[in-house]
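Since the structure of chain A is provided, determine the placement of chain B on it from the hints.
There are 2 protein chains.
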Amino acid sequence: MDQPIGVIDSGVGGLTVARELMRQLPKEQIIYLGDTLRCPYGSRPEQEVIQFTLEMVDFLMQKKIKLLVIACNTATAFTLDLLKEKLDIPVIGVIQPGARAAIKVTKTKEVAVIGTEGTIKSEAYPQALQQISSKISVSSLACPQFVPLVERGDFSSHEMKEVVSESLASLKQVKNLDTLILGCTHYPIISDQIQLEMGNQVQIISSGEETAREVSTILSYNQLAYRGDRQPQHEFFTTGSAQLFQQIANVWMDEPVENVKHVVINQTIDNK
Amino acid sequence: MDQPIGVIDSGVGGLTVARELMRQLPKEQIIYLGDTLRCPYGSRPEQEVIQFTLEMVDFLMQKKIKLLVIACNTATAFTLDLLKEKLDIPVIGVIQPGARAAIKVTKTKEVAVIGTEGTIKSEAYPQALQQISSKISVSSLACPQFVPLVERGDFSSHEMKEVVSESLASLKQVKNLDTLILGCTHYPIISDQIQLEMGNQVQIISSGEETAREVSTILSYNQLAYRGDRQPQHEFFTTGSAQLFQQIANVWMDEPVENVKHVVINQTIDNK
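Residue numbers (my numbering), protein chains in the order written: chain A, 31 to 302; chain B, 31 to 302.
I should point out that these hints are in silico values taken from the structure, not numbers from a laboratory. Quick caveat: nothing in here was measured; it's all calculated off a predicted structure.
Since the list gives no way to pick out one identical chain from another, each pair is judged satisfied if it fits inside one copy or across any two copies.
Below 20 Å or equal to it, Euclidean Cα-Cα: the simulated PhoX-like pairs (lysine-lysine) are:
id, residue 1, residue 2
1, Lys116, Lys96
2, Lys57, Lys134
3, Lys137, Lys57
4, Lys165, Lys134
5, Lys291, Lys94
6, Lys165, Lys57
Next comes chain A alone, as it looks inside the complex (with noise of 0.2 Å):
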């Protein structure tokens, strides 16, 4: 009950994650690994995005966590059957949170999903909706100029709400639609300004508070929670520039992020 709490990711999205893990678990340890130097992994291939997310298992495995949280979409759609199969300790995506938490609010059934081109192109969400619930009708929408934007640290200029603004013109159009996940652990940094360009009909549902909340319930459903009181001390570690990430790490984070290490996860250097 004492061990950490491993989330892995592509890179600093997931940090919305760990974000959330540190808000409604604050007893909870988290170690944190980030593949900032192979990331995206929303354009490359199965096979590749399979061995990286391993790599990134093995590391975490070795800090003795107790729960694994893969918080990038991406592997989740493709390593999380995978794992839950390979793993003797309980494994949670970013996928079916959301989704379960999109069917709990919609009133009209009419649910729409935001993602990179890789996370709607695999169909997750739409699968992981209507396996629950075949009434759910889903309408997907790739917005790749979110994540350089966020990325970029441009969170109010005028160009950004220009992009938010056109690039969900057409889920505008979408007919009694009441409830967007944010199918991207970047998001929730401009969700601010989704809600504003989606109206207040609509509720956002963002991947990391939903997994926070079933993180929360599966350690409990396996008594595996922290029952003492403390103030863990997370760890953060990433596959490039620690600098970078603790940068990006204290803009997003509600608690300052510090020491944050430099690891190499791999044998050989990818070359991309």
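Relative to the frame of chain A, chain B by itself:
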């Protein structure tokens, strides 16, 4: 995976949980048992609540349920740990899901819970909340007049509005309160009035919705979810009057409830 989900309650209150299960998990079959004959449980001694709950569980286990929902706050407080230990299927109560949802939505960390006197006295909600996050401040309030109002079918009279207003008066004084847990399965029936009274700055958490969401999580996590497509035939049993149960169910539920069956689950009749 084809097996039904079992739902037990001391009476009709758990129907709000069943309704949410049917809405959020439309492919799953529900078997509901309400112990209307011996309702309410709130004022009974712990040992009696345990005995009655075990009798309900025995009845449902014979129906080969794959998961048990304790849709009653009192029974959850007294029997959740016991039943988790005793049964080899997942068991979900109504308290923890509401607590986790509150932690997810609160920004101010000022949370309130309303329930029957039994539930409030048990302190099950403050315990569940603070076990996860010691920073949460919890105000608890018993609203003993709400259940009789709801069972009378009074959802809109002037008197009903006055009772709600007077009952909640002290909560409206709590500074920075932004989240209110409906800690009784009857209360979602009058949640519109409660919302009106508390104002839009307070988000209402319904145990029923949140419990259904967690049932979905646990089914998926344990690979117990029904994977085909079907229109399930739900079954409703009551230890009291089938006619009265059916009347209430048809007002509360989104779908018509037919063919409610009366059952005897205990050997000796309980004379309260």
